[in-house]
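2 protein chains.
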Amino acid sequence: MGDFFGKLTAQQKHETERQLEVYRNGVQDILPEAELKNKIAKSIFQNQPLKIKLGLDPSAPDVHIGHTVVLNKLKQFQDNGHIIQLIIGDFTGKIGDPTGKSAARNQLTDEEVMRNAKTYFEQFSKVLDMNKVDLHYNSAWLSDLQLEDVIRLSASITVARLMERNDFSERLSTGKPISLHEFFYPLMQGYDSVVLESDIELGGSDQHFNVLMGRHLQEHFQKEKQVVILMPLLEGLDGKEKMSKSKNNYIGVDEDPNNMYGKTMSIPDELIPKYFNLATDLPVKEKQQIAEGLENGTLHPRDAKMLLGKTIVRMYHGTGEADKAELHFKTIFQKGAMPDEIPEAEWKGVGEVLITDLLAGLGLLSSKTEARKMIAGGGIRLNGQKVGDVQMLVKITDGLVLQAGKRKFVKLRLSTAK
Amino acid sequence: MGDFFGKLTAQQKHETERQLEVYRNGVQDILPEAELKNKIAKSIFQNQPLKIKLGLDPSAPDVHIGHTVVLNKLKQFQDNGHIIQLIIGDFTGKIGDPTGKSAARNQLTDEEVMRNAKTYFEQFSKVLDMNKVDLHYNSAWLSDLQLEDVIRLSASITVARLMERNDFSERLSTGKPISLHEFFYPLMQGYDSVVLESDIELGGSDQHFNVLMGRHLQEHFQKEKQVVILMPLLEGLDGKEKMSKSKNNYIGVDEDPNNMYGKTMSIPDELIPKYFNLATDLPVKEKQQIAEGLENGTLHPRDAKMLLGKTIVRMYHGTGEADKAELHFKTIFQKGAMPDEIPEAEWKGVGEVLITDLLAGLGLLSSKTEARKMIAGGGIRLNGQKVGDVQMLVKITDGLVLQAGKRKFVKLRLSTAK
Chain A
1 MGDFFGKLTA QQKHETERQL EVYRNGVQDI LPEAELKNKI AKSIFQNQPL KIKLGLDPSA
61 PDVHIGHTVV LNKLKQFQDN GHIIQLIIGD FTGKIGDPTG KSAARNQLTD EEVMRNAKTY
121 FEQFSKVLDM NKVDLHYNSA WLSDLQLEDV IRLSASITVA RLMERNDFSE RLSTGKPISL
181 HEFFYPLMQG YDSVVLESDI ELGGSDQHFN VLMGRHLQEH FQKEKQVVIL MPLLEGLDGK
241 EKMSKSKNNY IGVDEDPNNM YGKTMSIPDE LIPKYFNLAT DLPVKEKQQI AEGLENGTLH
301 PRDAKMLLGK TIVRMYHGTG EADKAELHFK TIFQKGAMPD EIPEAEWKGV GEVLITDLLA
361 GLGLLSSKTE ARKMIAGGGI RLNGQKVGDV QMLVKITDGL VLQAGKRKFV KLRLSTAK
Chain B
1 MGDFFGKLTA QQKHETERQL EVYRNGVQDI LPEAELKNKI AKSIFQNQPL KIKLGLDPSA
61 PDVHIGHTVV LNKLKQFQDN GHIIQLIIGD FTGKIGDPTG KSAARNQLTD EEVMRNAKTY
121 FEQFSKVLDM NKVDLHYNSA WLSDLQLEDV IRLSASITVA RLMERNDFSE RLSTGKPISL
181 HEFFYPLMQG YDSVVLESDI ELGGSDQHFN VLMGRHLQEH FQKEKQVVIL MPLLEGLDGK
241 EKMSKSKNNY IGVDEDPNNM YGKTMSIPDE LIPKYFNLAT DLPVKEKQQI AEGLENGTLH
301 PRDAKMLLGK TIVRMYHGTG EADKAELHFK TIFQKGAMPD EIPEAEWKGV GEVLITDLLA
361 GLGLLSSKTE ARKMIAGGGI RLNGQKVGDV QMLVKITDGL VLQAGKRKFV KLRLSTAK
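In order, the protein sequence lines correspond to chains A and B.
With the first letter of the first sequence counted as 1, position 331 gets the number 331 in UniProt numbering; the numbers rise by one all the way through.
With the first letter of the second sequence counted as 1, position 112 gets the number 112 in UniProt numbering; the numbers rise by one all the way through.
If you are wondering where the hints come from, they were derived from the structure by calculation, not from laboratory data.
Treat each hint with caution, since some may be false.
Since the list can't tell identical chains apart, any single copy or any two copies may satisfy a pair.
No more than 35 angstroms apart at the CA atoms, straight line, and that leaves these computed lysine-lysine pairs for DSBU-like [said to hold, decoys possible]:
{"id": "1", "residue 1": "K274", "residue 2": "K406"}
{"id": "2", "residue 1": "K287", "residue 2": "K37"}
{"id": "3", "residue 1": "K94", "residue 2": "K223"}
{"id": "4", "residue 1": "K7", "residue 2": "K274"}
{"id": "5", "residue 1": "K225", "residue 2": "K132"}
{"id": "6", "residue 1": "K247", "residue 2": "K13"}
{"id": "7", "residue 1": "K225", "residue 2": "K94"}
{"id": "8", "residue 1": "K247", "residue 2": "K348"}
{"id": "9", "residue 1": "K348", "residue 2": "K223"}
Bound conformation, chain A alone (with noise of 0.2 angstroms):
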């Protein structure tokens, strides 16, 4: 690729910078930034749009604001008129898991994967356009390719190229087994960016190998090679695992506003910011005040979450059901005396549980009979909702608050142990 800054006029150059300050907030590491500029000014010179690329797993569409991090970047380049090109990766999710050992990775029929893949595109149309977004499922090439083609693609890379990701370096030390058909993933994932010609690839920074390896293998295949943006992860409700479904600390973008808003209130304060950062669509410099309001003191936290909530629900529902959320919280916690600190307890084991087993267990009442007496009182409020059913089975989240009459509260924290 030449240089095409060179070739702007100085309008386009303006507008080349524009862009490039634009993608570069909040990113974790764009490599290298130099090619992203002049892949800029190369679609802003051959008036062509760049095809960014994000490969999604077909197998776990419940999408959550941690996902919506990547999700706002990639909208970020879809309003400057730039091609999201999403790929599915069924070809592997048809597979499953060929060792037979892991029991969550079982092989999805066409349909599951049309399913899922339904599901996803009606949760990322809450951020994107997904009538401009380009389309693929990966099956359509790797099902094709051939053992020759597969000998050629891992002659590519070395070994000790492949044990440099984190995980398997680790593994290997730690005597724990690799099947070799792991070392095909990342292999695959880039072989996707040689097929479509992607010319940025975004991903979450624990996919910094994998989408490096596209970079790789267009280079291998001589083409020209993918710019590689990382965003930043974000942390659970818990404040310290990496968002996701299975450990169950998530903010779903299909979640109803009260639970929305409600979640987003229990995050630690330390938080507010980088969810501001990362899962919002507020201007970066409103952003930057928030910050320096929490750090100086001039914002008090509980306001500022209160905000950030409100904001994610608007994000997902609209302005009019963010309005609802913002009051229904005051009116049930704080006109209902909520005290700013709610006493934390923690929760072994995730799934569903009986209302009755989770108040006597989490010690908020004394036995699971006081616990039938008060839902029958109507006392007892999940998440601020009144529980009218002693039958009621909870889904465990951290975060959670539970109340038991008008003082008495608790918030539930998932126990990291296993």
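Given chain A's structure and the hints, the job is docking chain B onto it.
Chain B only, in chain A's frame:
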């Protein structure tokens, strides 16, 4: 596989033991021997031959007596009515070196593969009855494998297991690159056994890892597992390195009788019993007597070597040629007062060298001028043959004997220094 030995008649049991005794002779290892016994018993019980596999690299069709160690063992199976499966590994040969780094590993065309295979068969026919051999080209099944099959195949093996192969672990620890595609070669070789349902696979002891892979993959595909028979490696004429074409320390099965005999005479004395054991078809008892004779001094090493040379020539050229080669040797060397111990001289480099350079370089004569004179006067012999041409190009071989006049001899030793 159930217990078949237990179902046999006394006579059949005896036949099983007899075969086992034959196969056991001279091997380095049988993995596991109990299974071999039961497989023999099964073949007798069901009156079905066993399938004995040998894989061949189609890029190096020059067969030397190092290869015959395995061929002689195959012949024992063939003599008992079992089926020899020869697999031409044309699939990898046709891919060549996909990293493009090794000029030595060019891609072979179909024609070249066929020509090389033909050369193999002509040479193998000196040991095996090729009409009874079951011949396969592994591209027949490997070129049909798709990425999905490759992934399933790879899932059966861990990276740690592959790293157990000596050269892999050594290369990784010394920082020498291993291309990922190299991990496939043992898998492909093993998959051949799955497809062909081999009962037994033979290999040199350096093939330990690769032939066990066939057993592993058969188990993975829920087939009866092959038994692995490892043969010792035969050192070359230098007595140090494994016999191989690239080390130029070999006796080719296609060489003319006098060369074959002469080269045999050049092996170090301590290798005589091993050569008898692995490279001749003499009865086990006779081999033992020779070893004992050498041990207790009743057999002179030179006489043992002459018997060895005669036996090897007889195996590949028949009794008539063997007698002639012996006579030739006696006439030239012994009647010419060849000393019992010929002094040795080191020579660096391989390829072809002018006879005059060789004579002067080895110190047999003081100058090239003197060398030219002696050749003109008919006083120079190379491996017993008179040299008539001062421009003669001599192909360097370890153990080559040069004679100047009646009493000056020198035996060439290839320098191991690189």
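Exercise. Looking back at the hints listed earlier, which ones does the structure fail to meet?
Worked result: As far as the earlier hints go, 4, 6 and 9 are violated by this structure, in ascending order.
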